[in-house]
Amino acid sequence: MRIFNTETKRKEEFVPLEPGKVRMYVCGPTVYNFIHIGNARPMIVFDTVRRYMEYRGYEVNYVSNFTDVDDKIIAKANEEGVSAQEISERYIAECKKDMAGMNVKPATTHPLATQEIDGMIDMIQTLIDKGYAYNVNGTVYFRTRKFKDYGKLSHKNLDDLRAGNRSLLVTGEDQKEDPLDFVLWKPKKEGEPSWPSPWSDGRPGWHIECSVMSKKYLGEQIDIHAGGEDLIFPHHENEIAQSECCNGKIFSKYWMHNAFLNIDNRKMSKSLGNFFTVREISEKYDLQVLRFFMLNAHYRSPLNFSAELMESSKNALERIRNAVANLKYTEEHAQAEAMSEAEQQLAAGVPEYRKKFEEAMDDDFNTADALAAIFELVKFANSNVNESSSRAFAKLLRDEILQLMDVMGLIAEPKEELLDADIEKLIEERQAARKEKNFARADEIRNELLEKGITLLDTREGVKWKRA
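Take the sequence shown: its letter number 413 is residue 412 in numbering that gives the first Met the number 0, and every next letter is one higher.
These are calculated hints, taken from the structure and not from any lab test. Backbone N, C-alpha and C define an ideal beta-carbon position, used for all residues, glycine too. Any given hint could be a false lead.
Quick list of simulated restraints, FRET-style, between CB atoms [said to hold, decoys possible]:
1) 435 to 1: 30 to 38 Å
2) 188 to 371: 46 to 54 Å
3) 157 to 125: 41 to 49 Å
4) 174 to 465: 50 to 58 Å
5) 282 to 88: 21 to 29 Å
6) 79 to 465: 39 to 47 Å
7) 347 to 279: 45 to 53 Å
8) 82 to 279: 43 to 51 Å
9) 283 to 454: 18 to 26 Å
Mimicking BS3-like on lysine-lysine, the simulated pairs with C-alpha atoms at most 25 Å apart in a straight line are [to be verified]:
10) 434 to 463
11) 313 to 327
12) 20 to 252
13) 252 to 283
14) 95 to 71
15) 20 to 215
16) 147 to 129
17) 95 to 269
18) 414 to 327
19) 95 to 463
20) 175 to 8
21) 327 to 252
22) 283 to 451
23) 95 to 252
24) 129 to 185
25) 414 to 354
26) 378 to 71
27) 215 to 104
28) 147 to 104
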């Protein structure tokens, strides 16, 4: 398996730090609103990377944070007259709904920045003790020039940054020793959430959060750090500086970055009126269509979103689902149980499609070519299965398509809708579980219903339900 490493600018053979295990950190969203389709791309891409790693037999510890303290969250809270915590909790819940709709698996751990403040204070203190950071009137800065490898990820030269383009400088105040130094801790302003620290009541800088959460949940060294290409500089560059100066070790072996998403060949922005949230897309399309659309391009290629391309993705996904439905029908109604001799010969060629799929995914997760291999298999199934086919042959092909689609996080066989009577029966079982104080089972039933698009509402008149 080869991965394109942003740091070395080349594809490298993937060798994990620990055989059979993968430690992977993916920068998550800042939660102040519904996630937009730009946020969705890394979620879908790196969820697929994780799924393929698991398919290959690796045990993946997948950590993806929520940034729940930030200027944008505070601004939204002030605008609504509520606390920053209320805003972040609301949009974390909404984000998780959208992720479920896109069939993005929950991370092994979804840490929240606000719950890791003590670790951030500890890391900042270590950086001060080692001479890599300094305190000026309650603001703590990182001495960028003291880390000799600064710029190794983004391939930026410190002197060029300093002399060339001011806009590339990490925001500066006059009190810094060097304009390139960046903030690790900042004192609170009026009306902002804050935490006590040895330097001031305040809050952490954005970059320190990921360094601390990655270290706590994955260890001092990780296999893969991933995110959108907009994070390469300064965010990921600064993470490397903090982590490697604090821990004295290489932070991440492989750096993966997905390319930008454009809308109708233009950059997505609210001012252009071409800004779409995942929730808005879900009102027009099954979010599986969005996932298919995202995977139909290589993750390092810029991706253009348009209504035409979404329609094309919808039709393509439908073709696969129709093929699977036809195979299921044949399987259920076949006269012959076992494969004929001719079918056995055809079946011998089926592993070739899986081989093509794996070769595509092993080559830096080329999901576009992997989907092409699935389509070849679908075409093969459509051409070779008919009413006279055996149950075994139809089942072999259906299982093969379903498994490869599952690796991509694509649902080729939509879940059958629950009947009203089945829903009522599960609600009764949940009520009985609650009476017996078996809350684990009660939660299990609620989640099972939620997965099938049924939401429950506990009211004074009893439990009410509705289909999503």
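How does the Cβ-Cβ distance of residue 188 and residue 371 compare with 46 to 54 Å: does it lie in that range? The hinted range 46 to 54 Å holds for residue 188 and residue 371, with Cβ atoms some 53 Å apart.
For the hint 45 to 53 Å, verify it against the beta carbon of residue 347 and that of residue 279. holds (47 Å)
For the pair supplied as a hint, residue 313 and residue 327, is the alpha-carbon distance within the 25 Å limit? holds (21 Å)
Given the hint that residue 252 pairs with residue 283, test it: the Cα-Cα distance must not exceed 25 Å. violated (40 Å)
Compare the distance between the alpha carbons of residue 283 and residue 451 with 25 Å, and conclude whether the hinted pair is satisfied. The given pair, whose Cα atoms are some 19 Å apart, holds under the 25 Å limit.
Range hint 50 to 58 Å: satisfied by the CB atoms of residue 174 and residue 465? holds (56 Å)
Assess, step by step, whether the Cα of residue 147 is no farther than 25 Å from the Cα of residue 129, and give holds or violated. holds (15 Å)
Hint check: residue 378 vs residue 71, CA-CA at most 25 Å. Holds or violated? The given pair, whose Cα atoms are some 49 Å apart, is violated under the 25 Å limit.
Residue 279 and residue 82 - C-beta distance against the hinted 43 to 51 Å: violated (27 Å)
Indicate whether the distance between the beta carbons of residue 282 and residue 88 respects the range 21 to 29 Å. Holds: the Cβ-Cβ distance is about 24 Å, inside 21 to 29 Å.
Between residue 95 and residue 252, is the straight-line Cα distance small enough, at 25 Å or below? violated (29 Å)
Between the alpha carbons of residue 215 and residue 104, is the straight-line distance 25 Å or under? holds (21 Å)
Comparing the model with each earlier hint shows violations of hints 1, 3, 6, 8, 13, 20, 21, 23, 25, 26 and 28; every other hint is respected.
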